[in-house]
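Participant: Now for the letters of each chain:
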Amino acid sequence: MIFSEEANDAVVERIEEWGAMKGVDVEVVMINENETVQRISAAIEAGTMPDAFDLGVDFALLLSQTGQLQALDDLYQQIGDAHGGWLDAMDAILASTDFGGAIYGIPYAASGINVLYRRVDVLEPVGEADAPATWQEIAVNSAAGQDPPSHYGMGFALSNVGDANLTTTMLQSWGGRIADDAGTTCTLDSPETRAFLEWITGAFADGLFPPGVTTWDGGGDNTAYQSGNALFIANPGSVYLNIRENDPELLEATRFSGLPAGPAMHIVPVTAKLRGIPASTSPEKTELAKDLFAFLAEDEFMEQYMSAAIYGPALDSQLEFAVFNESPVHIGLADAALNGTPGTFPDVDNAALAEYQTNFLTPRMIQRIVVDNLSIDDSIAETQAACQAIYDKHNQ
Amino acid sequence: MLHRTTTSQKILYYTLLVLLALAILFPIYYMIMISLKLPKDIYRTPSLLPVNTTLKNYLDLFEKRDFFINIRNSLIVAAAATFVSVLFSSMAAYSLVRLRYLYRNWIGRLILFTYLTPSALLFIPLSVIIARLDLSNTLHGLVFIYLTFAAPLSTWLLMGYFKGIPVELEEQARVDGGTRFQAFYRILLPLSAPGMIAVSVFTFTAAWNEFLFALIFITSPKLQTVPVAISYLITGDVFRWGLIMAGAVSSAVPVMILYYLAQRFVVQGLAAGAVKG
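Sequences listed follow chains A and B, in order. Note that our numbering has the first sequence beginning at 1, numbered continuously upward. Note that our numbering has the second sequence beginning at 1, numbered continuously upward.
No lab work stands behind these hints: they were computed from the structure. All of these numbers come straight from a predicted model, not from anything done at the bench. One should not assume that every hint holds.
Quick list of in silico lysine-lysine cross-link-like pairs, DSSO-like style, CA-CA up to 30 Å [stated by the list, open to error]:
no., chain 1, residue 1, chain 2, residue 2
1, B, Lys64, B, Lys222
2, A, Lys285, B, Lys222
3, A, Lys285, A, Lys22
4, B, Lys222, A, Lys290
Isolated chain A (complex conformation) (with noise of 0.2 Å):
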């Protein structure tokens, strides 16, 4: 279940046009997408398992390496053929080493694709309305435009939440990297990461973000941006869909663009929505689910809900659709899922990196600055050891 009813309520109505068709019994339980580790874990537990479910790569990672995954090769491949193909971003999530070969799951959706907001109604009379090319430059144009504390520049949380974990994305624009090529050793403590830790923890300093930046919750962003507190966010859509819904004023004042470069490269990352079958599903059901899928991925269908929901393309027959070529956001979107840096790149997207970003380190190195004043060589040194206890446990 995501943000958008309009998208849920359409996904249920698919399914259950499909179940009277077939003549199969169908009940569809949507969970809340925060919940579906917790669900599903108590489920396999419980010998409960649905026969087909929505989960995200990381969660499928995890399923797959314990058994609790079908491989779908199969319907991957009949699918793309019907579709134009997948985009590259699909194939090359999916070709983890983690997951040993097989693909377990089919991609409905591109996601985690975050497009960054602005508030060209305050950066136009300062002469800053062009959308930022660089991380540096939504700095120095925070400076320009922030009037605290009626509002701040730059509304991206340092908290331990899954938004924050940007910074490991800003800190790989500015050439870091958690881990070695090998994804075994982790190599956080470089001139790199410096350099970031010193920019970010400089914009601290010079007050560009908001108070309460290291401790905002997930909604931390989207509630500084709709309140006029913050001049940038960084968000997948659902700050969209919710001012196009209650704020139109705001919409009007809001400019769209994608995530800037960095120093060193630009990283724009992508994942995908899948859709999977637990391997406790009976061999009849297993084939009804797979029939199940490829009439979810029929494109007037996925065009009906894309236009509601708050993702990018994951099939090249998607790139068509109206909204990815007149909604200012979902064209965002499709650009990152065409051109944007799959997974985890340039870092080897494994169950340690998983761990790693679930653990918040990126932005706990941060915290460890800015809020306890640690020096940024000590940060360093302490979350490289951190790092380094989650790699050499997964390399045992």
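Following the hints, put chain B in place on chain A, whose structure we already have.
Facilitator: Only chain B this time, still in chain A's reference frame:
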């Protein structure tokens, strides 16, 4: 020696009481205010007084999202869990307090330890039990689960209350020809009414507010209880504050009424139970 309270002391006491009342009531006031605002005003006009007051959040909640069904589900589950829990706990507590048998004290302590086990540790084994009993996604399954924490707590609290009632009263009934069970329900239970009411309110509130088990074991939207339904108003990184606050206000009303009606017994009952080991 008693001494008269001076005017300045009275002013100090009342000032402190007013400050305390404000600290307690302000979050409730702010919750109500937010529930009466449009989404845009919640973010853009964070005032203490209503701006563009509207009942839209309540209308959306009850008309579009059938929140009455969630309240009904919570009422069924909490009332059933309370009734069954108090029924069996009163007998269990009586047994532990009045009867003499081996390991009685250990059993009493074990019951308390059962209550103290964190629910997060129980939810996986309970998942297995519920699945095997085919009670998943049912309200009676949820009642069954709630008894795992409600019954031990009720028993423990009632043990303290029963200990405070002189055993001689029951012995008198026995001398007059009553059975032990008659002594229990004709003498002990009526005398324990404040304690029973206090325990019922406490159990009801715990079941009404329970979130984790209701989230895990109920999958159908039509069977969701209030806390789960409210949590579903948060999707991804979007918090629908107006609806969330309207839901919180609406779900607080039944419990507030219950406490208002039973507050005297709650204070008496819990205080009596608290000092008996």
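Participant: Are the hints correct? Go through all of them and say.
Facilitator: Now for the hints, and whether the structure bears them out:
{"no.": "1", "hint": "Lys64(B) <-> Lys222(B)", "verdict": "holds (13 Å)"}
{"no.": "2", "hint": "Lys285(A) <-> Lys222(B)", "verdict": "holds (26 Å)"}
{"no.": "3", "hint": "Lys285(A) <-> Lys22(A)", "verdict": "holds (12 Å)"}
{"no.": "4", "hint": "Lys222(B) <-> Lys290(A)", "verdict": "holds (28 Å)"}
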